[in-house]
Amino acid sequence: GKEEVQTVRVAEVTRSIFYAPQYVALAKGFFKEEGLKVDLKTTWGGDKTMTALLSNGADVALVGSETSIYVYARGSSDPVINFAQLTQTDGTFLVSREKIDNFTWDQLKGKTFLGQRKGGMPQMAGEFVLKKHGIDPKSDLKLIQNVDFANVPSAFASGTGDFVQLFEPTASIFEKEGKGYIVASFGAESGHVPYTTFMAKQSFMKKNKEAVDKFTRAIYKAQKWVDSHSAKETAETIKPFFKDTDPKLIETVISRYKEQGSFATDPILDEKEWKNLQNIMGEAGELPKEVSHDILVNTEIAKKAIK
Amino acid sequence: MGFLTLNDIHHTYFTKTSATPALRNINIDIKEGEFVSFLGPSGCGKTTLLSIIAGLIQPARGCAMLDGKNTGKTDSGIGYMLQQDYLFPWKTIEENILIGPKINGTLNHAIKTETLALLDKMELRNVLTSYPKQLSGGMRQRVALVRTLATNPKLLLLDEPFSALDYQTKLKLENLVSSTFKTFNKTAILVTHDIGEAIAMSNRVLLFSQRPGKIHKIFDVPENLRLLSPFEARHHPAYNELFQVIWKELESLEPEE
Amino acid sequence: MGFLTLNDIHHTYFTKTSATPALRNINIDIKEGEFVSFLGPSGCGKTTLLSIIAGLIQPARGCAMLDGKNTGKTDSGIGYMLQQDYLFPWKTIEENILIGPKINGTLNHAIKTETLALLDKMELRNVLTSYPKQLSGGMRQRVALVRTLATNPKLLLLDEPFSALDYQTKLKLENLVSSTFKTFNKTAILVTHDIGEAIAMSNRVLLFSQRPGKIHKIFDVPENLRLLSPFEARHHPAYNELFQVIWKELESLEPEE
Amino acid sequence: MNPKNETEQLHLQYIKRLNKGHKQIRFYQLLIFLAFFSIWELASRKNWIDPLLFSSPSKIWELLQTKLTDGSLAANLGITLTETVLGFILGTLLGTCLAALLWWSPLLSKILDPYLVVLNAMPKIALGPILIVALGPNLTSIVAMGAIISIIITTIVVFTSFREVDHNYLKVLQTFGATRFQCFKEAVLPASFPTIISTLKVNVGLSWVGVIVGEFLASSKGLGYMIIYGFQVFDFTLVLLSLLIIAVFATLMYQAVELLEKKLIKNG
Amino acid sequence: MNPKNETEQLHLQYIKRLNKGHKQIRFYQLLIFLAFFSIWELASRKNWIDPLLFSSPSKIWELLQTKLTDGSLAANLGITLTETVLGFILGTLLGTCLAALLWWSPLLSKILDPYLVVLNAMPKIALGPILIVALGPNLTSIVAMGAIISIIITTIVVFTSFREVDHNYLKVLQTFGATRFQCFKEAVLPASFPTIISTLKVNVGLSWVGVIVGEFLASSKGLGYMIIYGFQVFDFTLVLLSLLIIAVFATLMYQAVELLEKKLIKNG
Ligand SMILES: Nc1ncnc2c1ncn2[C@@H]1O[C@H](COP(=O)(O)OP(=O)(O)OP(=O)(O)O)[C@@H](O)[C@H]1O
Ligand SMILES: Nc1ncnc2c1ncn2[C@@H]1O[C@H](COP(=O)(O)OP(=O)(O)OP(=O)(O)O)[C@@H](O)[C@H]1O
Ligand SMILES: [Mg+2]
Ligand SMILES: [Mg+2]
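Protein chains in written order, with my numbering: chain U, 1 to 307; chain X, 308 to 564; chain D, 565 to 821; chain V, 822 to 1089; chain H, 1090 to 1357.
You can trust all of the hints, since none of them are fake.
Result set (BS3-like, lysine-lysine): computed pairs, CA atoms no more than 30 Å apart in a straight line: (1) V:K1042 to U:K248; (2) H:K1148 to U:K289; (3) X:K524 to X:K555; (4) H:K1112 to D:K580; (5) X:K521 to V:K837; (6) D:K750 to D:K676; (7) H:K1199 to V:K841; (8) H:K1260 to X:K493.
To be clear about the criterion: a stretch of chain H counts as covered by chain V if any three or more of its residues have a C-beta under 8 Å from a C-beta of chain V, and this derived list gives those stretches: (9) 1117–1128; (10) 1195–1205; (11) 1209–1217; (12) 1295–1303.
Computed list of chain V residues with no C-beta within reach of chain U, every gap over 10 Å: (13) N840; (14) L852; (15) I932; (16) L1080.
Hints listed in this document are in silico derivations from the structure and should not be mistaken for laboratory results.
Every residue gets a Cβ at the ideal spot worked out from N, C-alpha and C, and that includes glycine.
Isolated chain U, as found in the complex (with noise of 0.2 Å):
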């Protein structure tokens, strides 16, 4: 009958709330309507979601930008190339152990932070917020970066550290739970950055021009229903995809997010956001090289796609 659907295979870097609008898609079936059968693999952490893709074991990958530029300075002969841009802010938060009425960031000096892992866009993106402050993340405070991702939660909790980077939903569970407080979000002191996008190799998105434009229509409808809907709608709506979490906390969570305007709300990534990243993983000195918009980056795409 119609045209023949055609599967596409997502590697996602983490099973994440932050992720909301990619579940609304699924959800609500936005990629069934443009002809697209999604199948969707959790790769945990970004070295391995980029390693799935690059050995052709996913076709688009959901992770942070900067793996993106990772691999180019590597010198890969078959870019990967971002076209569409699913959350613009950092998405982790600053909790406290202790109730802090009136935070400021100097009260970080002199104490124990348990931050993300070393090379990741967490680490560096709290690294630059804490320079942003005044604050030397070498001299100023006692640094815990050995910690892997999934484990640091539970290392802050155990009882290493003052204040620790958290994402979400644990750092809204510590707080439920009287473990920690958040006191502050990185996301909303980062400004905006390419956090998590989707892309493709080149060769991919040559092959495969019709798919891309359509996978990356159907997340900007996603993009749109959850900019218009509550908080509550939405969390109904993902449930399914976080069977095991309490539906109060995706609300919160959610909440959240949306307050400090973590989803984009189109998945244009554009040449400020760029740069913006490109100027953390430089202060951070994970930069290997300054590579320039227009190469790793399509915004034709997304653009088409809005409208």
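Here the structure of chain U is known, so what remains is to put chains X, D, V and H with the ligands in place on it, guided by the hints.
Frame of chain U; chains X, D, V and H with the ligands shown alone:
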């Protein structure tokens, strides 16, 4: 009453599903200095009886008395020699032969000198610092004998000590053991499957019946054989005669396979 | 020229650092139907010589001819029986005794019937479907004998086949093997450490000297002993005489440990 | 008293004592079991341990029931079990074949010897990420991980057992004129059968490790996934439930292989 | 010709043949080695394999040299080696002590039996994250991981060996009136020494696995960290370098333990 008295000994091995009667109604009197052999079909309970005499197993009924005392207590003055030498492979020969006195805490200079002298007597020189595996089977069994004698036991139990040796070595060792025991006037019990060995070495041969082991018959070895060394005894006409008698008797006990 | 001719056989084992001369200058002629025993100190090369005769080892020099043909080729018509039975524990008795014909591809109904009849003759009934470990040592050695005879070999090599058995079983098996071989008029070579066994079973006893093995002396067993069964022979006066002679000769060969 | 009767009585007494001993042991085992879980529950309720990190038996029990009713546990368990069984069969088979090859060609075995040593010493776990690069983040890599972890050790153990088969068995066959292949078929392989079976026991454990680590690295289902996911969403009840289920099923599988070993080796 | 001379000549011929064989084997080994690396290099240069993912020997070699000069490799290697050695000694010691305890009290061993079975079957790797919760993200957890992975199997193997010590050795001692402790000291422990030493060989491999996985989870130094970090920043050259170094040092350690085994068991 003799030097060693076994009084109405019964023993049964139990497992969850079975009860194996091993010994029934064993009464034996052995005089000091006597050399007695136990002969009997496989599994008739000979090793069990030695273990009971050594006090390693508590019999279900009856008791074993050595020199008027129950053998069940430690330091009972009994030496036990097994089928294989069971020298400790990680100990030197010296450590091996002194393990007995060391364990029961009687090790002193005198005992050490005595034991080493005994080793010399067994024609084992210059092996003190060797390890057991550097020795031949016959040498090892001689070392085991020295180890057993080191605590100067009143009674020696020998459970098929020569069965793992080749024929020539075995004949030589029989002579050596026999003369050593005669010299020290030791009382000994020898378990063996070899009728010839039993006749050649002992004063009396006790024939056990099939399981549960009972004493089936007792043969006294003629005086003239006893005075000979085992090797000579084997070539005496009286030996052949007794051999035939015991062989027939044993044949009648073992069921055809 | 005899049935089996060993012609000036030499053999040396090599390792990187050593050369162990095992056999020197072996010349033997064995007639058809003869039963010959090899006697000699441990390590003098008896097993090596059997392996050479069986064609399992190529000698450094010389050759072994059976019935005019070199023994080095497969299907040489030689049966080899080892010290232990080496029955395959994962095969039933039936599979075990038929492995020879199966391997050399001659297995057919006639051979099967014949082999099973032989098993019957060895007083082994109803064990066809048993596994080796369900049998006693003596039974297993008899099964091994049947297995060796199943390919109807012209020459049998027996490497200490009775040494792992207890004394009584050994005596019985000696009789059985001797009578079987006489019935089928087999030629056989028996390696043994037991002087008595050598005398009781064979027509000739070859005494080997210390390594490197040479033929030290040959003893002919008196006619009157040969006619007796091994068990009877052991109790004949001529037996004792020859025993003493060989014993002395052997003593003179073995170095004091 | 007649001796027959006496023996029977003594036997009865013996069995009574035996049963009493068994009961005592069972009692202590149960005691430890109950004590462990009650103390855990109590400590969690009284906040002696952090209930967020260490959850509690009752919470785990509840979660188990929900997971059982919605069928998701069965699905995850099924995946992991399949992967493990596949990995373990593959590892054993390939390892044994490799061993046969080495036995067949002494030259090859000598040439490959240093490589086998290196591959054996190498912690195969570290290869996990490379495997994903090579095979992609899918079931294949996970099964491959479960197999790779046991192949080399199987090869080495089985090859050693092939070589250590009593040469006298081969001698028996050679006197009948057996070829190398006949020797392998009639003696070497069956004689090594017990060793091969007992490597199964080791391999089943190794495959679990491989599969769990594989699932840590790339998966969307399975017990390893449940652990990683639980950590991700900080749901330690889920993590501990998965761990307990792994413990139970790893034990069951191990016991099954042990049973198999006993059955097969009985006639061996 | 005189027989002595002939033997010598034959021996010389034999040795010549042997040496030729050895040389042949060495040649093939070298050939495989060179072929592997050249094909890798070539495939990478010609883009038959993705040079980004599989790097190339020349790049790895360059990186090795930089890392050697700036000393960072030595530091990371030192950390990992220390952790591994600690974990492995700890695992072996604790396992042996536990085995001694079980031997000492047959009742205890019977009671704990099912628990040991479960702990043995359990893939200890899955406990890694829990360990970090319990001990914190530091060296202690990594060493603990390296130890835990080998304790139970050591306990089981050594305990089995304790129990399987030939009862006749104990019988010998008992006839001299030995106490249980004397039996243990004089017979059970020394007789099991070879088993204990050979568990060392297994444990050294297990400890590597434990430490690498531990470093994957929580570390800021070490070879496992280098692998994880390399992935993070897509430096596969670093990952492969770390893997090669692990292969080399795991092999060296294994060989060292094997050497120790040979030395110690010679007199055993
Ligand atoms: N620990 C045990 N538990 C149960 N049954 C046993 C035990 N020890 C021996 N038996 C059984 O008791 C019987 C007598 O055994 P014992 O070892 O005393 O015989 P034996 O006369 O020494 O035999 P052999 O001549 O073969 O050495 C045998 O049937 C044996 O199976
Ligand atoms: N494969 C081999 N490699 C090197 N040397 C060997 C080999 N087989 C046997 N030898 C040596 O050759 C000599 C003769 O060995 P062989 O087994 O033939 O002696 P034997 O007379 O059968 O001894 P035994 O009476 O102990 O069975 C011995 O010194 C032995 O150490
Ligand atoms: Mg016995
Ligand atoms: Mg021999």
